[in-house]
Structures are given as structure tokens and as C-alpha cells.
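The chain contents come next:
Protein chains: 2
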Amino acid sequence: MHVLILGAAGMIGRRLTAALVAAGRVGNDPLTGLTLVDVVRPEAPAGFAGPVRVEAADLSAPGAAAAALKERPGIVFHLAAVVSGEAEADMDLGYRVNLDGTRLLFEAIRALSEAEGYRPRVVFTSSLAVFGQPLPPVIGDDFIPAPASSYGVQKAMGELLLADYSRRGFLDGIGLRLPTICVRPGKPNKAASGFFSGILREPLAGLPAVLPVPDTVRHWFASPGAATGFLLHAAGLDLSGLGTRRTFTMPGISATVAEEIEALRRAAGADAVALIRREPDPAIMRIIETWPEAFDTRTADALGFEADASFDAILAQHIAESR
Amino acid sequence: MHVLILGAAGMIGRRLTAALVAAGRVGNDPLTGLTLVDVVRPEAPAGFAGPVRVEAADLSAPGAAAAALKERPGIVFHLAAVVSGEAEADMDLGYRVNLDGTRLLFEAIRALSEAEGYRPRVVFTSSLAVFGQPLPPVIGDDFIPAPASSYGVQKAMGELLLADYSRRGFLDGIGLRLPTICVRPGKPNKAASGFFSGILREPLAGLPAVLPVPDTVRHWFASPGAATGFLLHAAGLDLSGLGTRRTFTMPGISATVAEEIEALRRAAGADAVALIRREPDPAIMRIIETWPEAFDTRTADALGFEADASFDAILAQHIAESR
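Residue numbers (this note's numbering), protein chains in the order written: chain P, 691 to 1013; chain F, 691 to 1013.
Note that these hints are calculated values from the structure, not bench results.
Misleading hints may appear alongside valid ones.
Incomplete in silico selection of chain F near chain P, CB under 7 Å [as the list claims (entries may be wrong)]:
1) 742
2) 743
3) 745
4) 830
5) 832
6) 833
7) 846
8) 847
9) 934
10) 960
11) 963
12) 965
Here are the simulated distance ranges between beta carbons [claimed, not checked]:
13) F:775 with P:806: 53 to 63 Å
14) F:753 with P:823: 33 to 43 Å
15) F:895 with P:991: 49 to 59 Å
16) P:824 with F:809: 44 to 54 Å
17) F:757 with P:783: 20 to 30 Å
Everything numeric in this text was worked out from a predicted model, so none of it was measured.
Backbone N, C-alpha and C define an ideal beta-carbon position, used for all residues, glycine too.
Model the full structure from these sequences, guided by the hints.
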């Protein structure tokens, strides 16, 4: 099975590539080749004997999607997206990449489907950003996507396209709304959500971290390992029993900031916790308080998707990988 | 207030035009002019002294949206769409008109908004076709749009675009999911839903009608007059209290086929009812049984949208207009 990863240079794309190569298989099939595409040229993975093609390409450019499908991959991971803040700041860019790029990909697959009977599994990453206020405390699988950002709108539109192209038989799609990734590796950034990881990652490295919201803030989390696991699981699932709904919120850990901090205390002690400095930021609080707190993910659960075992497990994964 | 109607030649567009001219006002403002656009040239209304421009135009053609906005209408009624069956049969046409046409309209408004501060009220007609199985017996305002047709997908995507362009302040949008229109005037047609009107309209004209489904089938109805009333009401509403959700299911009458028939009996007697011939059609039944039966429309109710008083009132409207 040849695998195409669009957005292969990102954090999840790189982990997914490594996990596929380590497993040597995808779903029930041996991994026979890889095409890795991103706006910056992805790195070819070490330790894989099969053919690997790496390309720097903009999926919204004419012909780019068809070129990416040259090997007729049996599985397409579509992770490529302009992120939330950028899609809000540059409306044209967000719609071009997140909406038009996705539509052009599905249209390129449709063209091959009509010409050759091609019908790949497409695994599309969506986002909790499809949900907007007012929200119930626990959001079920029937809850309306009503986004409060252009990024969320573009992801919700991608979900609808994925369902329609699947229903028509051009592709066999599944969309995953990923929880907020925690602990996100790397440097602190300006994302409103950055502190959820920062208050763990920085103290674990002996560095101070700022907490801009109250301890009572609750959110929905998955480790990078769990997120990669969702993608791998989605690649191998039998989707023939699904109806027209094709995108599902992934299971996660619902945790408050206080619970994050207690996990840090258990893992690294009071000295680590003491590195967290409370600096309430009303601007960040206004953003965060519109976000979902918890989900009832029974459809994804029934499909066999598995959350992290606990917030302690999320933290332990980060500690193990930071060594 | 200058008013633009896109899709002005359709059944609802013609009624809306006549209702605006009869009222001489729209919302709280006098009606000062009309631009009527459709793929076929709409008729100019009689009895209106102000300027009227009628155009045959394809909204998905380059420049068509900007041309339609020449008078900078304060209110844009966007009723233009390729209908459900046609959008399913011709996928490219449906996406081009229903998705691209809507997006091009909103982009043309955005360009004027950024250049001149233009910000019209946009009233967009969506559809119950945004909902797909599995459905609860009564569908609330929080229920997920998960369409089972390309038409439904295109309308759901239009709802998302309307919300995003409203949130960003380029336009002041409201979307109305119209109930199934009953009694639809005109000839019997091949639409799966045709019998809902046919079993009333034909017997009232002394003609036989075919009923292809059981008497127990339940659905959600509005008269042509109520639908026009929703549009007029939407034009004048203060929407400043709305959040990011901008499209709402309109109130309707939930009625079974048996209740339709009893209304016909009350209005026109047993001889009319005897003209209904039961010819069960499993193909039509399979389509109809996936459709919604009833809605909880509390958001639209709170906004002051009003359903017909009863199914008898729906029938009485048709009888009065047929004289």
C-alpha cells in the first residue's frame, strides 16, 4: 500500500511518517511506498527501504493535487492546512489553502475515480474549531458545527465535502476532529492555546511558564502519540457501515488547568509547579472561554479510537520523549 | 431601500417581488428600487413606480455578482439555486451555482465592503436538505447538518459562508431553512416530494392524484405565503443580538398525509378525497422516509417568524389563490 501524506512536514505529519515506517504497514497492508508533500520540502524518513518521493508543493496550485496522486496512493492523509490564527489574519490564504486546496484534492481524486475506478481511503484532519458558542458542557456527536473562526468554517466545509465525495463513491473518507494536542513539543508560541502545553513543557525543562487563565479552565486533550494513533487507526478501519456522516470528534482527556498542574506535581514535584507564574490575561481568557470543555465521543469510541489513559499518561509520554 | 432579488423568476422570487411592491416598503424603509436577476429574465412587476432593473445572468459567471450589486442594494435576497434533483444529477453544475455562485456573491460584497464600507442585509434561503439520517423525531436548533445530497451539502456550505462573512462584518446575513412548500402551485412534477402538494392541488381542481406513500408519513410544511412572509420578516429584523449562528429552521406545520387528507375533506368534501389513488411506490418511500418530520424552531420563533396557523389555513390559502 502506497501512502500519501499531505502536510508531511508538520508536527503530526512527521510523527505519522515515523510511525508508518516503524510499523512497516498501514491498516492490514504492508507499507510499500511513501509520497510526502508539504509547502516546505519534508524530510525523507530514515530506515525505510521502499520508494519515497518528497515534494514541496502548494495543494491549491493548478495540477498540484493530481501530481501528488501520481503513485495512486491507496491511503491519503490530508493534514495540510493554514492554521487558525493565520487563516483569521489572511482570509484569502485560509480559504485558498483550507477550502480550495481540499476541494481540488477531492476533485483530482474524483477525476481518477471516473477515469480508472480509483477510490482511496482519505483521512482528513478536522478540528474542535468547528464548534462555537453557545456550547453545552458535554458536546455529543449530533451537535451542530457553528464555527467562530474562518479556520473552523473551512474545516467544517471540508467535512461536508468529504462526506459528499464519499457518498458519491469517489473516495472512502473519514474525518477526525483532533483534540488539542498536549504536550506540544517545541518552543512557546503566541497561540492562545499555547499555555496548555507551556505550563507543563517549560517547568519540566526547568524554565518559567506563564498561566494566563484561571485554574478552573477545562479543555479536551490528546497526546501527540494518541493523535498519531487516531490517524493510523483511521487508515485501516472498515467504513462500509458508515452513513453520510464521515467526521467524528476524537476521544480525549477532559482536564482542567488545576488537573494539569496536579499531574505536573506528581511527575516533577513542587519545584516544577513553582515555575508556573499566574498572569491573568483577559484577552486570552475571552478566547479560551468560548472553547469546548468535553465531548461525548461514542461514535469514535465504537469505531475503536482510543484516548490517552489519563492526563498523567499524556505527561509521561512527553517526559519519555524529551529524554 | 433598493432591493436585489437573485432567483427572482422562481415561484418564491415572483411572490416576494409582488409582496414587496404591494407593501411599498421593506423592513422599516420605503422600497425605492428593485434589481431582479435570474438565469431567465424575470418579469418586471406591475404597479411599481420606482426604478426596476431586470437581468438574465448566471451568478457563477465572472463579474456577474458585481454587476448585480451595481445599485448597492441595502437588502439582497439570495434565492438562486440549482434544485436538489438537478444538483444530484449534475455535480459540477450544482457546485458551480450553489457553492461557487454564493461564494462569488459574498466575495463581491466583501470587495465593496472593504472599498466603500458597504454592508447589506443578505437573506439566504437554505433547506431542510441540510439534514440527514439518523434524525430524531423533533430536530432542534443545535442539531448537526449532515446532508444526504450534494444540494444539502452546498446549502450547508452556504450557511457556513454566510456566518463567516457576517462575523467578519462584510454583510449582515440571515439564512432561512424553508419548510417544504405546500400547496405548491403549478403542474404535477417528478419531484419525490410532489405528492405532498399533488394530493391537494389536483383533487381541488377536479383531477385525480397519486399518493405513493402511507398515510402515516409526516413532514414539515409552510404555505407559499408563509415562506414569503419569512423572507420579508428577515429583511427587517435587528440581527445585532445574533452570535455566529446565522441560519435557522423556519417554523412550519408538522402534518401527516392523513392530516392533509382530512384537511382536504373539510375543505372540499369526500368527492375530492375520492380522487386520491393509493399507488405505493417503494422508491419514493425510501427517499421520503429519510426526511425530517418535525422541528423545534425556538430560535426562529423568538425572532418573530410565524408559521401558518394550521394545515387548514395552508389549504385555504391555496383555494383562495386558485379562484
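Structure-based check of each hint:
With a least beta-carbon distance of about 35 Å to chain P, the hint placing residue 742 of chain F at the interface is violated under the 7 Å criterion. Hint status for residue 743 of chain F relative to chain P: violated, with the closest Cβ pair at about 30 Å, above 7 Å. Hint on residue 745 of chain F is violated. Least Cβ distance to chain P is approximately 27 Å, over the 7 Å limit. Restraint check, residue 830 of chain F versus chain P: the minimum CB separation of about 9 Å is more than 7 Å; hint violated.
At its closest, the beta carbon of residue 832 of chain F sits 5 Å from a beta carbon of chain P; the interface hint therefore holds under the 7 Å criterion. The interface hint given for residue 833 of chain F is met, as the beta carbon of that residue sits about 6 Å from the closest beta carbon of chain P, less than 7 Å. At its closest, the beta carbon of residue 846 of chain F sits 5 Å from a beta carbon of chain P; the interface hint therefore holds under the 7 Å criterion. Because the closest C-beta pair between residue 847 of chain F and chain P is about 5 Å apart, less than 7 Å, the hint holds.
Hint on residue 934 of chain F holds. Least Cβ distance to chain P is approximately 5 Å, under the 7 Å limit. A least Cβ separation of about 42 Å between residue 960 of chain F and chain P goes past the 7 Å threshold, and the interface hint is therefore violated. Of the supplied interface hints, the one on residue 963 of chain F is violated, with its beta-carbon coming no nearer than about 37 Å to a beta-carbon of chain P, more than 7 Å. Because the smallest distance between the Cβ of residue 965 of chain F and any Cβ of chain P comes to about 37 Å, over 7 Å, the interface hint for this residue is violated.
The hint said 53 to 63 Å for the Cβ distance between residue 775 of chain F and residue 806 of chain P, and at roughly 28 Å that hint is violated. At about 38 Å, the beta-carbon gap between residue 753 of chain F and residue 823 of chain P stays in the expected band of 33 to 43 Å. In this structure the supplied range 49 to 59 Å holds for residue 895 of chain F paired with residue 991 of chain P, their Cβ-Cβ distance being about 55 Å. Separation of residue 824 of chain P from residue 809 of chain F is about 25 Å and departs from the stated range, judged on CB atoms against 44 to 54 Å.
The hinted range of 20 to 30 Å is satisfied by residue 757 of chain F and residue 783 of chain P, whose Cβ atoms lie roughly 27 Å apart.
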